[in-house]
Amino acid sequence: DQQVKQNSPSLSVQEGRISILNCDYTNSMFDYFLWYKKYPAEGPTFLISISSIKDKNEDGRFTVFLNKSAKHLSLHIVPSQPGDSAVYFCAASARNSGANNLFFGTGTRLTVIP
Amino acid sequence: DAGVIQSPRHEVTEMGQEVTLRCKPISGHNSLFWYRQTMMRGLELLIYFNNNVPIDDSGMPEDRFSAKMPNASFSTLKIQPSEPRDSAVYFCASSLIRLSGGYNEQFFGPGTRLTVL
Numbered sequence: 311d312q313q314v315k316q317n318s319p320s321l322s323v324q325e326g327r328i329s330i331l332n333c334d335y336t337n338s339m340f341d342y343f344l345w346y347k348k349y350p351a352e353g354p355t356f357l358i359s360i361s362s363i364k365d366k367n368e369d370g371r372f373t374v375f376l377n378k379s380a381k382h383l384s385l386h387i388v389p390s391q392p393g394d395s396a397v398y399f400c401a402a403s404a405r406n407s408g409a410n411n412l413f414f415g416t417g418t419r420l421t422v423i424p
Numbered sequence: 023d024a025g026v027i028q029s030p031r032h033e034v035t036e037m038g039q040e041v042t043l044r045c046k047p048i049s050g051h052n053s054l055f056w057y058r059q060t061m062m063r064g065l066e067l068l069i070y071f072n073n074n075v076p077i078d079d080s081g082m083p084e085d086r087f088s089a090k091m092p093n094a095s096f097s098t099l100k101i102q103p104s105e106p107r108d109s110a111v112y113f114c115a116s117s118l119i120r121l122s123g124g125y126n127e128q129f130f131g132p133g134t135r136l137t138v139l
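Chains as they are written, first to last, in our numbering: chain A, 311 to 424; chain B, 23 to 139.
By construction, these hints were calculated from the structure, which means they are not laboratory data.
No residue lacks a Cβ here, since even glycine has one placed at the ideal position from N, Cα and C.
A few of these clues could be false.
Quick list of simulated restraints, FRET-style, between CB atoms [unchecked claim]:
| hint | chain 1 | residue 1 | chain 2 | residue 2 | range |
| --- | --- | --- | --- | --- | --- |
| 1 | B | Asn74 | A | Gly326 | 41 to 51 Å |
| 2 | A | Asn406 | B | Arg135 | 47 to 57 Å |
| 3 | B | Thr137 | A | Asp311 | 35 to 45 Å |
| 4 | B | Lys100 | A | Pro389 | 24 to 34 Å |
| 5 | B | Gln102 | A | Pro389 | 43 to 53 Å |
| 6 | A | Arg327 | B | Leu139 | 42 to 52 Å |
| 7 | B | Ile119 | A | Gln313 | 31 to 41 Å |
| 8 | A | Tyr349 | B | Ser95 | 20 to 30 Å |
| 9 | A | Ser320 | B | Arg107 | 16 to 26 Å |
| 10 | B | Arg107 | A | Asp311 | 16 to 26 Å |
| 11 | B | Leu139 | A | Ser320 | 41 to 51 Å |
| 12 | B | Pro83 | A | Gly326 | 35 to 45 Å |
| 13 | A | Asn317 | B | Arg44 | 28 to 38 Å |
| 14 | A | Asn406 | B | Asp85 | 29 to 39 Å |
Simulated pairs of lysine-lysine, DSSO-like, Cα-Cα distance not exceeding 30 Å [to be verified]:
| hint | chain 1 | residue 1 | chain 2 | residue 2 |
| --- | --- | --- | --- | --- |
| 15 | A | Lys315 | A | Lys378 |
| 16 | A | Lys378 | B | Lys46 |
| 17 | A | Lys366 | B | Lys46 |
| 18 | A | Lys381 | A | Lys315 |
| 19 | A | Lys366 | A | Lys347 |
| 20 | A | Lys347 | B | Lys46 |
| 21 | B | Lys46 | A | Lys381 |
| 22 | A | Lys364 | A | Lys315 |
| 23 | A | Lys315 | A | Lys347 |
| 24 | A | Lys347 | A | Lys364 |
| 25 | A | Lys381 | A | Lys364 |
| 26 | A | Lys381 | A | Lys347 |
Same shape as in the complex, but just chain B (with noise of 0.2 Å):
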């Protein structure tokens, strides 16, 4: 199983420039989750989406952020344009969410680290 996937681990920008962050989920999960880890507020949830359809995006802090998921084995965060202070580790996490209820473990990737000069 070769886990949650994302791409770049590294991406070192200039202000204004677009950046594409990319992930692969586990296959078979069915939710896919991207979050943004920050000193000051730890890992927030940007957003989420239940069988590639967004569920919750109120976490995404500006009109500058997007994502995607056009199909159930990628998706995209895209930031355009770029700021100094989008500078963070960027992870993705999947999940299976069954019916029947119970927790559902979420399983991260290796993070994304992002550098806006």
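Okay, chain A solo, but in the shape it has when bound (with noise of 0.2 Å):
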């Protein structure tokens, strides 16, 4: 049972624009909350995080929304570059509960097109 999903597989995207990667989930004991970007032949890294008491954090052309009541959030990339063409997952941790380990999401392919 899939309790952190990304329904979208994939997504292209221009050079330039913004890249929207969705992410939903289920429990709602989770409080954090993370993307990892994850190039071919290599394992994942962390790129941004976002507590459930917040409802932004940004970084750079890096943003995290997070929306408690939907149970959603997502990943804005302003502007896309070609480098960022990556397999990106979303990440989930209970951690008020004790719990250390992280709940992951399918992935979502970001395809910039130059």
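Now that you have both chains on their own, put them together as the hints suggest.
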């Protein structure tokens, strides 16, 4: 049973435009959310995170939005660059329950077209 | 910093054979995680260790899977006997869990691509 869902397996965006990647979760105990980026033949690398006490976190071109009532988060990349082409995984954690493990979605493959 | 090291990077084996995947976490990290990546289920947590002790192995699919962490710098994931449906990429990740709380980023290794024929 997937507790974290990424319903779009792929997304193509023109260079310079905005990329929006979406993620939904079902477990109301989740209180920390992360995005990981993965290039082929490499392990996922941490990109950006957000705590459930916030609704937005920004880091350069990357912004994560959290809508707790809808159990939804999104990652915005502006402007998109060809080097952003990768698989993006959404992950969630129930930190306040003492758990250290992450629950991942199935990933969204982003292709930024030059 | 060498990062998380996994070996082998690729493994091709025949059904019924034993497979052992190895992981060396980042020095000083006290938690280690084994994940499996498939197209259908994304990244699934198989098992994780804190201070070399298995904490949650509920993700281990069957008794054919076992994991050990004999010391802070080494862990193995064993599949015996292997089956074609075990074909996937297996990732190891490590983290430093602080008692003071806060988020503890997980650092992933490059993965082992396993193919069971």
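Evaluation of the provided hints:
no., hint, in the structure
1, Asn74(B) <-> Gly326(A): 41 to 51 Å, "49 Å, holds"
2, Asn406(A) <-> Arg135(B): 47 to 57 Å, "36 Å, violated"
3, Thr137(B) <-> Asp311(A): 35 to 45 Å, "27 Å, violated"
4, Lys100(B) <-> Pro389(A): 24 to 34 Å, "46 Å, violated"
5, Gln102(B) <-> Pro389(A): 43 to 53 Å, "50 Å, holds"
6, Arg327(A) <-> Leu139(B): 42 to 52 Å, "43 Å, holds"
7, Ile119(B) <-> Gln313(A): 31 to 41 Å, "21 Å, violated"
8, Tyr349(A) <-> Ser95(B): 20 to 30 Å, "26 Å, holds"
9, Ser320(A) <-> Arg107(B): 16 to 26 Å, "24 Å, holds"
10, Arg107(B) <-> Asp311(A): 16 to 26 Å, "19 Å, holds"
11, Leu139(B) <-> Ser320(A): 41 to 51 Å, "29 Å, violated"
12, Pro83(B) <-> Gly326(A): 35 to 45 Å, "44 Å, holds"
13, Asn317(A) <-> Arg44(B): 28 to 38 Å, "35 Å, holds"
14, Asn406(A) <-> Asp85(B): 29 to 39 Å, "33 Å, holds"
15, Lys315(A) <-> Lys378(A), "15 Å, holds"
16, Lys378(A) <-> Lys46(B), "37 Å, violated"
17, Lys366(A) <-> Lys46(B), "35 Å, violated"
18, Lys381(A) <-> Lys315(A), "11 Å, holds"
19, Lys366(A) <-> Lys347(A), "19 Å, holds"
20, Lys347(A) <-> Lys46(B), "22 Å, holds"
21, Lys46(B) <-> Lys381(A), "36 Å, violated"
22, Lys364(A) <-> Lys315(A), "21 Å, holds"
23, Lys315(A) <-> Lys347(A), "16 Å, holds"
24, Lys347(A) <-> Lys364(A), "22 Å, holds"
25, Lys381(A) <-> Lys364(A), "13 Å, holds"
26, Lys381(A) <-> Lys347(A), "21 Å, holds"
In summary, the structure is inconsistent with hints 2, 3, 4, 7, 11, 16, 17 and 21 from the numbered list given earlier, while agreeing with the others.
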